[in-house]
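Visitor: Work out the full structure: start from the sequences and follow the hints.
Protein chains in written order, with our numbering: chain A, 1 to 260; chain B, 1001 to 1325.
FYI, nobody ran anything at the bench for these hints, they're computed from the structure.
Where hints are given, some of them may not hold.
[Said to hold, decoys possible] Label-pair restraints from in silico Cβ distances:
(1) B/Q1286 to A/D90: 50 to 56 Å
(2) B/D1308 to A/A84: 46 to 52 Å
(3) B/E1031 to A/F201: 57 to 63 Å
(4) B/D1122 to A/A84: 20 to 26 Å
Cβ coordinates follow ideal geometry from the N, Cα and C atoms, glycine included.
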Amino acid sequence: MKLYGKYIEILFKSQMQYRTSFWLLAFGQFLIPFSVFAGLYFMFERFGQIKGWEFSEVALCFSIIHMSYALSECFARGFDSFSALVGNGDFDRFLVRPRSTVLQVLGSKFEFSRVGKLVQSIIVLGWAVSQQLADWTMLKGLVLLFMIVSGVFIFTGIFILAATMCFWTVQGLEIANIFTDGGREMAQYPLNIYQKWVTRFFTFIIPFGCVNYLPLLYLLDKTTGNPLPYMLAPIAGILFIVPCLLVWHVGVRHYRSTGS
Amino acid sequence: MIIVKGLSKAYQVAKRSPGVKEAMKALFKREYKVVEALNDISFTIEPGEIVGYIGPNGAGKSTTIKVMSGILVPDVGTCTVMGFTPWKDRVQYVKHIGVVFGQRSQLWWDVPVIDSFELLRDIYKVPEQEYQSTLALLTETLELQEIIHMPVRQLSLGQRMRCEIAASLLHSPSVLFLDEPTIGLDAVSKIAVRRFIRTINEEKGVTVILTTHDMNDIEALANRIILIGKGKLLYDGSLSAIRSQFGTLKTMTVVYSHHAEPLKVEGAVIESWTTERAVLSVDTAQTVISEVLISLSQQVEILDVAIDTLPIEDMIIQLYKEHQL
Chain A
1 MKLYGKYIEI
11 LFKSQMQYRT
21 SFWLLAFGQF
31 LIPFSVFAGL
41 YFMFERFGQI
51 KGWEFSEVAL
61 CFSIIHMSYA
71 LSECFARGFD
81 SFSALVGNGD
91 FDRFLVRPRS
101 TVLQVLGSKF
111 EFSRVGKLVQ
121 SIIVLGWAVS
131 QQLADWTMLK
141 GLVLLFMIVS
151 GVFIFTGIFI
161 LAATMCFWTV
171 QGLEIANIFT
181 DGGREMAQYP
191 LNIYQKWVTR
201 FFTFIIPFGC
211 VNYLPLLYLL
221 DKTTGNPLPY
231 MLAPIAGILF
241 IVPCLLVWHV
251 GVRHYRSTGS
Chain B
1001 MIIVKGLSKA
1011 YQVAKRSPGV
1021 KEAMKALFKR
1031 EYKVVEALND
1041 ISFTIEPGEI
1051 VGYIGPNGAG
1061 KSTTIKVMSG
1071 ILVPDVGTCT
1081 VMGFTPWKDR
1091 VQYVKHIGVV
1101 FGQRSQLWWD
1111 VPVIDSFELL
1121 RDIYKVPEQE
1131 YQSTLALLTE
1141 TLELQEIIHM
1151 PVRQLSLGQR
1161 MRCEIAASLL
1171 HSPSVLFLDE
1181 PTIGLDAVSK
1191 IAVRRFIRTI
1201 NEEKGVTVIL
1211 TTHDMNDIEA
1221 LANRIILIGK
1231 GKLLYDGSLS
1241 AIRSQFGTLK
1251 TMTVVYSHHA
1261 EPLKVEGAVI
1271 ESWTTERAVL
1281 SVDTAQTVIS
1291 EVLISLSQQV
1301 EILDVAIDTL
1311 PIEDMIIQLY
1321 KEHQL
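Guide: Right, here's the structure in full:
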């Protein structure tokens, strides 16, 4: 963990060599989600509500998912752009260093410009929370925090899966974006507005439901019965990373036997 | 130190046929062919040796280095380095080795060299005191004082390579793998790098395995060469053995006053020829030099003659030829 800090430090120093580009990128990253959010706003302006969800409720969901996405883009950027590492052979370098490959890939890149996105989602989150949708308690605050963490783990897991595919294809695959960008677009709304199979897929296969639906019900006092499973759902989301890491190790083993 | 036995590795490589139509076909159905990158390679390297690992492009040099450094797992065969099997227990093993890929950098591009060194210190968990003394030694012998605080991207290739080598030695490895360490360097930098490799070998007893295409590297450094071609081990022995094998081959450069017709010399091969100068190769085991000189003096007015033994470069080319590489 300390080493990861050192990696970030050196990447930060590198980034500071290109200050102007950093500010421009961060500013862009700040603006882009606003247009998406504006779209959301105008849609609710027209329809009032979707399946019983108010605009401010969806805004809460929206900000949580976007915050998770921005954070995982920051931290797991190394996996997101992993095809470059395999393509130019830099991954070989990681294999001759006495540290885990996951740590080294995580430490290979950090996307500081996503700070812009992060600030944007914090503003939206602040606004949504201030709308007095429910009585806020410490516990709810904690669950909210876990929802964000859980989201980060899920997105990171998907990035890892996508990166693993590079061991077979060398080139990055756009197909993974269905699950990252697509997942984000999908998960910015509460899951129950979709078809059953979509809901199921994003609960049991890629557990976005554990971030943006089940605990959301708890936050908004919409649960029936014991709220505990709803509160603990984000933890199940975090566990998604485990099979992803296993698949990663299979990928590394494949790479080392083929060297492609 | 290093024992390699019966190492084999084959790759599946996609067949590529020319033409758009074939390319379209390949999109759906690929044909593979198996390329034997390594075929039953065996050798033993003693501690403190410097071994030149040579062969033409695609001979399997890099693959061997990758296997020995634990990056690749071979299909068949065993390899033991300091009691470790490189591809098992990777994390424990790689603490003891240093690897330099001449064509790729291991330094962080935008920050001063010293920052990269400090991160490497943390990656390898080198104790601070040990790090400081190693760094001091490396800085002095590689003359890094002036460049260590410059960002890597501002360094010349030669300066960068010196830093690369220093970076791979910060954790005091016992074995150093150098994959083309002098590629693209100017003459001065090459000599500096060679001198340094000698120094760490002699003073710290580091075992060095280097691949290169520059035979001057080999001549300056390696007492022993291992030649591979098409995945097979072709020669393993001292450089002087090769020298004596090809020692009878001489190159003769003759300068003479203007002579319009091509020369004809019995028992010598004319490598190049102009109206004023000719280069001949002679095998002294078959032809006596004086006979060649007599034959020459009958045809032209000789102004100057130089006789050299075959450069090591050409000996290797001869060796490649013998093995039809």
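Visitor: It remains to establish, for every hint, whether it holds in the given structure.
Guide: Hints versus structure:
1. At about 53 Å, the beta-carbon gap between B/Q1286 and A/D90 stays in the expected band of 50 to 56 Å.
2. The supplied range of 46 to 52 Å is met by B/D1308 and A/A84, whose beta-carbon atoms lie about 48 Å from each other.
3. Checked against the given bound of 57 to 63 Å, the beta carbons of B/E1031 and A/F201, roughly 36 Å apart, lie outside it.
4. Between B/D1122 and A/A84 the CB atoms are about 24 Å apart, so this pair conforms to the stated range of 20 to 26 Å.
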